[in-house]
Every structure is written in C-alpha cells, then in structure tokens.
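Engineer: Knowing the structure of chain U, use the given hints to seat chain B on it.
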Amino acid sequence: MTERPDLRQALGRLLGPAAPEVGCDECFEQLDRYVELELAGRDADAAIPGLRAHLDGCPACREEHESLRALVGGEQAL
Amino acid sequence: MTAAVCREPAWYTEHVATADVPSVTLPLDPESRAWLRDLRATGAVRDEAVARLHALLMRATRFEVARRRPTLPHLRGNDLDDVALQAADDALMSVLARLDDFRGASRFTTWVYKFGLLEAAVKLRRRAWQGREVPLEPESWSFFSTAALEPAEEAEQSELLATLQHAIEHVLTPHQRRVLVALALNGVPIDVLAERLETSRGALYKTLHDARRKLRRHLEDSGLAFDAWLGEEET
Numbered sequence: 011m012t013e014r015p016d017l018r019q020a021l022g023r024l025l026g027p028a029a030p031e032v033g034c035d036e037c038f039e040q041l042d043r044y045v046e047l048e049l050a051g052r053d054a055d056a057a058i059p060g061l062r063a064h065l066d067g068c069p070a071c072r073e074e075h076e077s078l079r080a081l082v083g084g085e086q087a088l
Numbered sequence: 016m017t018a019a020v021c022r023e024p025a026w027y028t029e030h031v032a033t034a035d036v037p038s039v040t041l042p043l044d045p046e047s048r049a050w051l052r053d054l055r056a057t058g059a060v061r062d063e064a065v066a067r068l069h070a071l072l073m074r075a076t077r078f079e080v081a082r083r084r085p086t087l088p089h090l091r092g093n094d095l096d097d098v099a100l101q102a103a104d105d106a107l108m109s110v111l112a113r114l115d116d117f118r119g120a121s122r123f124t125t126w127v128y129k130f131g132l133l134e135a136a137v138k139l140r141r142r143a144w145q146g147r148e149v150p151l152e153p154e155s156w157s158f159f160s161t162a163a164l165e166p167a168e169e170a171e172q173s174e175l176l177a178t179l180q181h182a183i184e185h186v187l188t189p190h191q192r193r194v195l196v197a198l199a200l201n202g203v204p205i206d207v208l209a210e211r212l213e214t215s216r217g218a219l220y221k222t223l224h225d226a227r228r229k230l231r232r233h234l235e236d237s238g239l240a241f242d243a244w245l246g247e248e249e250t
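The listed protein sequences correspond, in order, to chains U and B.
In terms of the working numbering, the first sequence has 52 at position 42, counting the first letter as 1, and numbering is strictly consecutive.
In terms of the working numbering, the second sequence has 37 at position 22, counting the first letter as 1, and numbering is strictly consecutive.
So that you can see chain U by itself, here it is in the shape it has in the complex (with noise of 0.2 angstroms):
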C-alpha cells in the first residue's frame, strides 16, 4: 500500500485513539506511579489502563510524561 505518514497523522489527531482512555486530570494524578512503573521494566500499562491511549490522544500530557521519563530516569542512570 502506497505510504501515507501525513493522512495518517492528521487522522490520527482528529479520531484520537480507539482504545479507552483516561481524562488529562487522571493521567496527572497517576503519572508519576506510571513512569516509575516503566523505569523499573513493570507493565505500566496493565497497572493502569487507558493511559498509555491517553497520551497517545492528548499531545500535552505525552510532552509531561517524556519530561518525567526523562528527568526520572536521567537521575537512575547516574
């Protein structure tokens, strides 16, 4: 099938993700539990679900939980 990275990328904005999901304010209150969960090679997902759709659908909370996974796990490595 013929590549189609922006059609997809736009639809993907527009229809958000098909699996179900948690609102911005929940995914603030477990975010720091999730991320620790990732770091410690857990199934953060399992733990809880919707999530991982969530930050999948909201672009904000992607940008908080990468600057978390980041700073987080920046200070295990040292």
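If you're looking for bench data, these hints aren't it; they were derived computationally from the structure.
Positions of the beta carbon are idealized from the N, C-alpha and C atoms, including for glycine.
Errors might be hidden in some of the hints.
Think about it this way: if two alpha-carbon atoms lie no more than 20 angstroms apart in a straight line, the pair counts; the simulated EDC-like pairs of lysine to aspartate or glutamate are [stated by the list, open to error]:
#1 K229/B to D66/U
#2 K138/B to D35/U
#3 K229/B to E152/B
#4 K221/B to D66/U
#5 K221/B to D35/U
#6 K138/B to E73/U
Residues from chain B that face chain U, not an exhaustive set, calculated with beta carbons under 10 angstroms [what the hints assert, rightly or not]:
#7 A70
#8 R74
#9 R82
#10 L114
#11 D116
#12 L133
#13 A135
#14 R140
#15 Q172
#16 R216
#17 R231
#18 L245
Simulated coverage check for chain U against chain B, where a stretch passes if three residues somewhere in it have a Cβ under 8 angstroms from a Cβ of chain B [stated by the list, open to error]:
#19 19-29
#20 74-81
Structural biologist: Leaving out everything else, chain B in the frame of chain U:
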C-alpha cells in the same frame, strides 16, 4: 483493530475523563517519609524542608525549560530563568496544598517533579502563543493531501475526507467543532485554548474526546474502513 471494535464498552462512557483508576497507597520509603515529616513540622525544620522542596522543583522547571529552549528562540536567557522560577514558585504552592494527596504510589521526589514540569510546560506553551490569535476555524484542509496514490486509493481517500469534513461541520456541536479544529487541526496547545476560553484542560479534553467519538461513530455508520488509514487494522 476493526471499526466495530472501536465502539466503547459500557464502562468507558462512564469513566473516561473522570476516570476510575483505583488509587494506590503503599508503605512510604524512608526518604519520602522524611520529606513528609519535615514538611509537616514547624519552625526551622519546616522552613528548611520548604527550601529543599523549592530547589527540587527548580531542578524540574529548569529541566523543562532546557528541553523546550530550541522551540522558543524569541525568549532570552533571563526570560527563561524567570519562567523557571515562577513555575517553581507556583508548583511549590500546589505541592504544599496537596501534600495529603501523596499516597506513596511513587517516590516523593517523582511526585514533586511532575508538578514542576507541568507548571513550566504550561507557562512555556502560553508564552509561545502570547499575542497570537487562536484559530478556531479550519485554516486549510490541504495538509490531508498526499502524493502518489493509486487511483482507487485516491477515490477512497476523497470519500473519507469528504465524509469527515461533512461530519465536522454538521455532526459536531459548534463548541465541539471549535475545540476539535483548534486542538487537532490547527495545533493550538490545550493549555493555551483553556486559557482563552476560560475553562480547564480536563474539560477541553472531555469535549475533544466526545467530538472524536462522534466522528468515529459517524465514519463507522457510513461504512468507511478508516481504521486501515489509521493503521488500526487487526494483523
């Protein structure tokens, strides 16, 4: 994933955006316990703990500022330092006000960091959009166009886009349409839109989510296999 699977289970509409993930309370690690003890103390012990907490938050806000610096060429070093300091000050208030909410689901420092990162990120997104008009109507549909499609795919894509455009214009409520267009089409950060519309991020995301579900349902009812275009097919 097939289009039919996209229909949400019954619990979904009840819990999304006001989600019902059970809170976790765990025994505190010694470091987290010491933080709470000192922050709940009085006098010099508390003052010293608050100062350490502020320093911890500064680490988070400076980290966020540094990560976003390449996207903020118009802000000078002093401006960025000010943002980091203001964000740490505001985050300090939030952390102290919510100390009883900390249940030990993570280390205390990780819990604290997220407040600093959030405050800095929100301030920087708003600074980046300061003085800019927030577009609430579609600026263009042209970014949908893709090159080098086979004729059959091109027809399929045209039908999908026409159906989608019609749904955005006629199926969504005016508020849902403005929020979807601003956030998902025009790339307005959700914090910026929340500030302009005098609402909250959570409320806006709920509106965006409801609009997205309406669009998905409309496409499904139209018999369009949009999951193939999204890469959601079952393999």
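Engineer: Would you mind marking each hint as holding or not holding in the structure?
Structural biologist: Now for the hints, and whether the structure bears them out:
1. Of the pairs offered as hints, the one joining K229/B and D66/U holds, with about 18 angstroms between alpha carbons and a cut-off of 20 angstroms not exceeded.
2. Our distance criterion of 20 angstroms between C-alpha atoms is met by K138/B and D35/U, whose separation comes to about 18 angstroms.
3. Straight-line distance between C-alpha atoms of K229/B and E152/B comes to about 19 angstroms, which keeps the hinted pair within the 20 angstroms bound.
4. Taking the CA atoms of K221/B and D66/U, the gap is about 15 angstroms. The hint holds against a cut of 20 angstroms.
5. Restraint check for K221/B and D35/U: the C-alpha separation of about 10 angstroms stays at or below 20 angstroms, so the hint holds.
6. Taking the CA atoms of K138/B and E73/U, the gap is near 14 angstroms; set against the 20 angstroms cutoff, the hint holds.
7. This hint is violated: A70/B has a C-beta 14 angstroms from the nearest C-beta of chain U, more than the 10 angstroms allowed.
8. The beta carbon of R74/B comes within 8 angstroms of a beta carbon in chain U, closer than 10 angstroms, and the hint placing it at the interface holds.
9. Hint status for R82/B: holds, given a least beta-carbon distance of 6 angstroms to chain U, under 10 angstroms.
10. For L114/B, the interface hint is violated, the least distance from its beta-carbon to any beta-carbon of chain U being 14 angstroms, above 10 angstroms.
11. Because the beta carbon of D116/B sits about 8 angstroms from the nearest beta carbon in chain U, less than 10 angstroms, this interface hint is met.
12. A least Cβ separation of about 6 angstroms between L133/B and chain U falls short of the 10 angstroms threshold, and the interface hint therefore holds.
13. Annotation: A135/B was flagged as interfacial toward chain U, and the flag holds, the nearest CB pair being 9 angstroms apart, inside 10 angstroms.
14. Here the hint on R140/B is kept, as its CB sits about 7 angstroms from the closest CB of chain U, short of 10 angstroms.
15. With 10 angstroms as the threshold, the beta carbon of Q172/B comes within range of chain U, its nearest partner Cβ sitting at about 7 angstroms, so the hint holds.
16. The interface hint given for R216/B is met, as the beta carbon of that residue sits about 5 angstroms from the closest beta carbon of chain U, less than 10 angstroms.
17. Taken as an interface hint, R231/B checks out: its beta carbon lies about 5 angstroms from the nearest beta carbon of chain U, inside 10 angstroms.
18. At its closest, the beta carbon of L245/B sits 5 angstroms from a beta carbon of chain U; the interface hint therefore holds under the 10 angstroms criterion.
19. Here's how the region 19-29 of chain U fares: 8 of its residues keep a CB closer than 8 angstroms to some CB of chain B, so the rule of at least three is met and the hint holds.
20. For a cut-off of 8 angstroms, the count of residues in the region 74-81 of chain U with a CB near a CB of chain B stands at 5, and the three-residue condition holds.
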